[in-house]
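Visitor: Here is how the chains run, residue by residue.
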Amino acid sequence: MCGIVGIYLKSKKFEKDLGKMLSGMLINMESRGPDSAGFAIYKKEKKQEFKYSICINNLVFEEFKKEISRKIKYNSILKNSDHVILSSKEIPEKVLSILNELKGINLVGYGKSIEIFKQIGNPKDVVKKFNLEKFSGTHGIGHTRMATESAITTNGSHPYSTGSDECLVHNGSLSNHNNLRRDLTKQGINFKSENDTEVAAGYISNHLLNKKNLKDTLKRSLSDLDGFYTFIAGTKKGFAIVRDEIACKPAVISETKDYVAIASEFQAMAHLPGINIANIFEPEPGIVYSWGN
Amino acid sequence: MKLDLKKTKLRKVNETLQSIDPKKNNKNYTILNPDGNHAICVGLTDDIDINIKGHVGYYCGGMNQNANITIEGNVGTGVAENMMSGKIHVKGNASQSAGATAHGGFLIIDGDASSRCGISMKGIDIVVKGSVGHMSAFMAQSGNLIVCGNAGEALGDSLYEADIYIKGKVKSLGADCIEKKMNNRHLKKLDKLLKKANLNKLKSKDFKRYGSARKLYNFNIDNVLNY
Numbered sequence: 001m002c003g004i005v006g007i008y009l010k011s012k013k014f015e016k017d018l019g020k021m022l023s024g025m026l027i028n029m030e031s032r033g034p035d036s037a038g039f040a041i042y043k044k045e046k047k048q049e050f051k052y053s054i055c056i057n058n059l060v061f062e063e064f065k066k067e068i069s070r071k072i073k074y075n076s077i078l079k080n081s082d083h084v085i086l087s088s089k090e091i092p093e094k095v096l097s098i099l100n101e102l103k104g105i106n107l108v109g110y111g112k113s114i115e116i117f118k119q120i121g122n123p124k125d126v127v128k129k130f131n132l133e134k135f136s137g138t139h140g141i142g143h144t145r146m147a148t149e150s151a152i153t154t155n156g157s158h159p160y161s162t163g164s165d166e167c168l169v170h171n172g173s174l175s176n177h178n179n180l181r182r183d184l185t186k187q188g189i190n191f192k193s194e195n196d197t198e199v200a201a202g203y204i205s206n207h208l209l210n211k212k213n214l215k216d217t218l219k220r221s222l223s224d225l226d227g228f229y230t231f232i233a234g235t236k237k238g239f240a241i242v243r244d245e246i247a248c249k250p251a252v253i254s255e256t257k258d259y260v261a262i263a264s265e266f267q268a269m270a271h272l273p274g275i276n277i278a279n280i281f282e283p284e285p286g287i288v289y290s291w292g293n
Numbered sequence: 001m002k003l004d005l006k007k008t009k010l011r012k013v014n015e016t017l018q019s020i021d022p023k024k025n026n027k028n029y030t031i032l033n034p035d036g037n038h039a040i041c042v043g044l045t046d047d048i049d050i051n052i053k054g055h056v057g058y059y060c061g062g063m064n065q066n067a068n069i070t071i072e073g074n075v076g077t078g079v080a081e082n083m084m085s086g087k088i089h090v091k092g093n094a095s096q097s098a099g100a101t102a103h104g105g106f107l108i109i110d111g112d113a114s115s116r117c118g119i120s121m122k123g124i125d126i127v128v129k130g131s132v133g134h135m136s137a138f139m140a141q142s143g144n145l146i147v148c149g150n151a152g153e154a155l156g157d158s159l160y161e162a163d164i165y166i167k168g169k170v171k172s173l174g175a176d177c178i179e180k181k182m183n184n185r186h187l188k189k190l191d192k193l194l195k196k197a198n199l200n201k202l203k204s205k206d207f208k209r210y211g212s213a214r215k216l217y218n219f220n221i222d223n224v225l226n227y
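Taken in sequence, the protein lines are chains A and B.
Counting in this note's numbering, the first sequence runs from 1 upward without gaps.
Counting in this note's numbering, the second sequence runs from 1 upward without gaps.
Read the hints as simulated data drawn from the structure, not as lab findings.
Be aware that one or more of the hints could be misleading.
Said to hold, decoys possible - Okay, the calculated beta carbon distance ranges per label pair:
(1) B:ASN198 to A:SER175: 44 to 50 angstroms
(2) A:LEU222 to B:THR16: 45 to 51 angstroms
(3) B:ASN198 to A:MET1: 35 to 41 angstroms
Note that CB positions come from ideal geometry on N, CA and C, so glycine has one too.
Here chain A stands alone, though its shape is the one from the complex:
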């Protein structure tokens, strides 16, 4: 069991409240996933600048900053608890190869718009530690984890990001992830964990790289990914949800004129503004629902 949540804003009305809305949803979903939590927030992009979300674990921030300064030309480096958002105009391939060589850190995602924070611990504590309530943005996705497939670590936490401005959260378990991982590794996708969801994220990235759109990619995943899943996948412009054909893993969608909210259970959305007049429905099995893509 895990909890997944997401909000996509259709108007600017709640941009400043995005973090607050997502925070309440994540805290409520503690009952489905008490061992780790994480979230991805999409903000307005700055042209030519890429942001790298990095978990520095036990490293001392000042020392990390010193080391990075020697290796990467950056515009800003902002600390948020044990995570750092590094902004740079350098080409991503160069920055990524440097960051992947650094010891003691986890690169949790990168892109022009996305910022990812994830860590082990109770969702309530994780949300507080990163001060999610203060975040603003256009859309966000979150996850509360009850580990089944792999260890409780930062790299085992969701969201998974295997491509620029992409992220994926998952409730369920995949049964063909080892075969898929081998295939995708041959095609040049790198994986950092033994986790099944990371493979699904890699699968999506691989399709998006080949110019497929998110909706078609998720449609295709219904025949290529074997197992139980409700996925929420995010891109720079929006997000999408899909449930496998058996649909054992729950999801509820609430839509108003201002936002679309998705959660494993309705209770995670009960605090959202205007929820009483929202159109609330359960996504049908095997159908991809997407907004903004």
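Assemble chain B onto chain A, guided by the hints.
Guide: Relative to the frame of chain A, chain B by itself:
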């Protein structure tokens, strides 16, 4: 009597409803701010009326005996699961496994019910005014499932003896489920249940009946090489 889940803990609300004092004779209760909480109104045994103002989570009205529960919103997984008697009326949509394993009572869903509606039902009567999702009435043993809209894939898979009545289209029938002749007895029973659900304009002759082909009941020696 009003019970507000923002002010009173769910356990306390359920305890209150589970231990009604017949001398006080208060039979009407309203539950405010359900906010998608799970297990609201489970294990009730008295003949009382409860109105829930909003959406609820999982297993609402589970194991109900005698109580008459109305939910003015949507319900999560397993509404009325294992209900024994009484009535549950959902004014919105229901998630999966509505009326699962229920032995008796009456469940009305004004909207749609998703997958596995009436799974393993054992005597309950379910009326869904909208449509039902895949594998509805899976392994159903007794009772009636009436659907005024359409049914999803594998309707009545591995069915025992429940009756299924569908007005709309059936995407596909599950293993051992077949369409059956509607005789007078069935028409009468269906009319009675439609009336009970205040669906007076619907006619039983517009429904089709589905039931068990009874081929999975016993081991068939012809299949021995398949195992």
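Visitor: Against which earlier hints does the structure fall short, listed by number upward?
Guide: Violated hints: none; all satisfied.
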